[in-house]
Amino acid sequence: MTEHAQWLQLQIDKLAEQQGKFTDRAFWLALAELVREQERRSDQLRGEVDGRTWRPDRW
Amino acid sequence: MTTLVLVSHPHLADSTSQQFLKASLPANEDIIWEHIESQPTLDVAKEQDQLRHADRIILQFPLYWYAAPAGLKQWEDTVLTRTFVYGDHRYPLADKELGIVVTTGMPGKAFQRGGAEQITLDAALAPLAAVAERAKMTWLPIFAIHQFAYLEEPEKLQLVVDYQRYLTQEQPDSLGDRQTWFAERLPEMIKQLPPEQQATGRLIEAEFAQQKDDIDALADTLSLIKEQEDD
Chain L
1403 MTEHAQWLQL QIDKLAEQQG KFTDRAFWLA LAELVREQER RSDQLRGEVD
1453 GRTWRPDRW
Chain S
3 MTTLVLVSHP HLADSTSQQF LKASLPANED IIWEHIESQP TLDVAKEQDQ
53 LRHADRIILQ FPLYWYAAPA GLKQWEDTVL TRTFVYGDHR YPLADKELGI
103 VVTTGMPGKA FQRGGAEQIT LDAALAPLAA VAERAKMTWL PIFAIHQFAY
153 LEEPEKLQLV VDYQRYLTQE QPDSLGDRQT WFAERLPEMI KQLPPEQQAT
203 GRLIEAEFAQ QKDDIDALAD TLSLIKEQED D
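Protein chains in written order, with our numbering: chain L, 1403 to 1461; chain S, 3 to 233.
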């Protein structure tokens, strides 16, 4: 996880902790989980773009 | 989207899982919630109107002997008349989604061949899926909650939002649909924050949107590369 992503996670976690209502805390924590999923998907897509662009047979 | 939640439970007030789900119902959404067994008599015209009006219909109940409680069967037999469901070749429920929220006392792994229950939930609830099929409805994957009493707080927090999404999010449950669901609700959630937290909320919203755009851009690049590879 990049430093930026870690920082974003921290912001969401802190906001979640500050919520008194259970369902509000649930929303922000679920958003944090989705942001982690976004991060993973970005990494995977970037990796696939790199992998498919690296084609020595076309050099 | 209008979602109709029909709950069947003979002792609703005693059920901690059903009370939890009721408290988890999303606010500011078009949701009609009804407890079947609380109706003194089933008003067939009203029940059928509610079904006609809904886009997604949720049947919610505890699993009793591999089926829904008797109250739901009675509701089906009374409300889902032949004429209403498919008589005269009119199908008023066609293309509506039918979702099942089922709670079980046994763990998820019990519901498979070789498991303690020797039957999957899909198999046990096949009669409801057959009704959906007959009515030309779209059957949603079952939302099962196993052993609610054993869930710890983080799991319960997760359950709140998973349940809300099952009631109101577009299907299938893809990353794209999840992102849209959260993006649509973020402005209202930020508005509800105390003033000193709103700036953080807006910052998170902007970062979230940026990540979504990045993923879309990467996916576009990837499909371009794949197209060229096909040439």
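Be aware that one or more of the hints could be misleading.
[Unchecked claim] Below, simulated DSS-like cross-link-like pairs (lysine-lysine); rule was C-alpha separation at most 25 Å, straight line:
| # | chain 1 | residue 1 | chain 2 | residue 2 |
| --- | --- | --- | --- | --- |
| 1 | L | K1423 | S | K24 |
| 2 | S | K48 | S | K193 |
| 3 | S | K193 | S | K228 |
| 4 | S | K75 | S | K158 |
| 5 | S | K48 | S | K111 |
| 6 | L | K1423 | S | K75 |
| 7 | L | K1423 | S | K193 |
| 8 | L | K1416 | S | K48 |
| 9 | L | K1416 | S | K193 |
| 10 | S | K75 | S | K24 |
| 11 | S | K111 | S | K138 |
| 12 | L | K1416 | S | K138 |
| 13 | S | K24 | S | K158 |
| 14 | S | K158 | S | K138 |
| 15 | S | K24 | S | K214 |
| 16 | S | K48 | S | K24 |
[As the list claims (entries may be wrong)] If we take Cβ atoms under 7 Å as the criterion, some of the chain L residues that face chain S in the derived model are:
| # | residue |
| --- | --- |
| 17 | L1410 |
| 18 | L1412 |
| 19 | Q1413 |
| 20 | I1414 |
| 21 | T1425 |
| 22 | L1431 |
| 23 | A1432 |
| 24 | E1450 |
| 25 | V1451 |
No wet-lab data here; the hints were simulated from the structure.
From the three backbone atoms N, C-alpha and C, an ideal C-beta is built for every residue, glycine too.
Hints and how they fare:
1. L:K1423 <-> S:K24: holds (15 Å)
2. S:K48 <-> S:K193: violated (36 Å)
3. S:K193 <-> S:K228: violated (42 Å)
4. S:K75 <-> S:K158: The given pair, whose Cα atoms are some 29 Å apart, is violated under the 25 Å limit.
5. S:K48 <-> S:K111: violated (39 Å)
6. L:K1423 <-> S:K75: Not satisfied, since the Cα-Cα distance of roughly 36 Å exceeds 25 Å.
7. L:K1423 <-> S:K193: holds (15 Å)
8. L:K1416 <-> S:K48: violated (46 Å)
9. L:K1416 <-> S:K193: Distance ~17 Å between K1416 of chain L and K193 of chain S Cα, so the pair holds.
10. S:K75 <-> S:K24: holds (22 Å)
11. S:K111 <-> S:K138: violated (31 Å)
12. L:K1416 <-> S:K138: violated (46 Å)
13. S:K24 <-> S:K158: holds (13 Å)
14. S:K158 <-> S:K138: violated (34 Å)
15. S:K24 <-> S:K214: violated (31 Å)
16. S:K48 <-> S:K24: The given pair, whose Cα atoms are some 22 Å apart, holds under the 25 Å limit.
17. L1410: holds (5 Å)
18. L1412: With a minimum Cβ separation of about 11 Å from chain S (threshold 7 Å), the hint on L1412 of chain L is violated.
19. Q1413: OK, holds: Q1413 of chain L within 7 Å of chain S, min 6 Å.
20. I1414: holds (6 Å)
21. T1425: Holds. Min distance 5 Å.
22. L1431: holds (5 Å)
23. A1432: With a closest approach of 4 Å, the A1432 of chain L hint holds.
24. E1450: Holds - the Cβ of E1450 of chain L comes within 7 Å of chain S, reaching about 6 Å at its closest.
25. V1451: Where the cut-off is 7 Å and the nearest Cβ of chain S is about 6 Å from V1451 of chain L, the hint holds.
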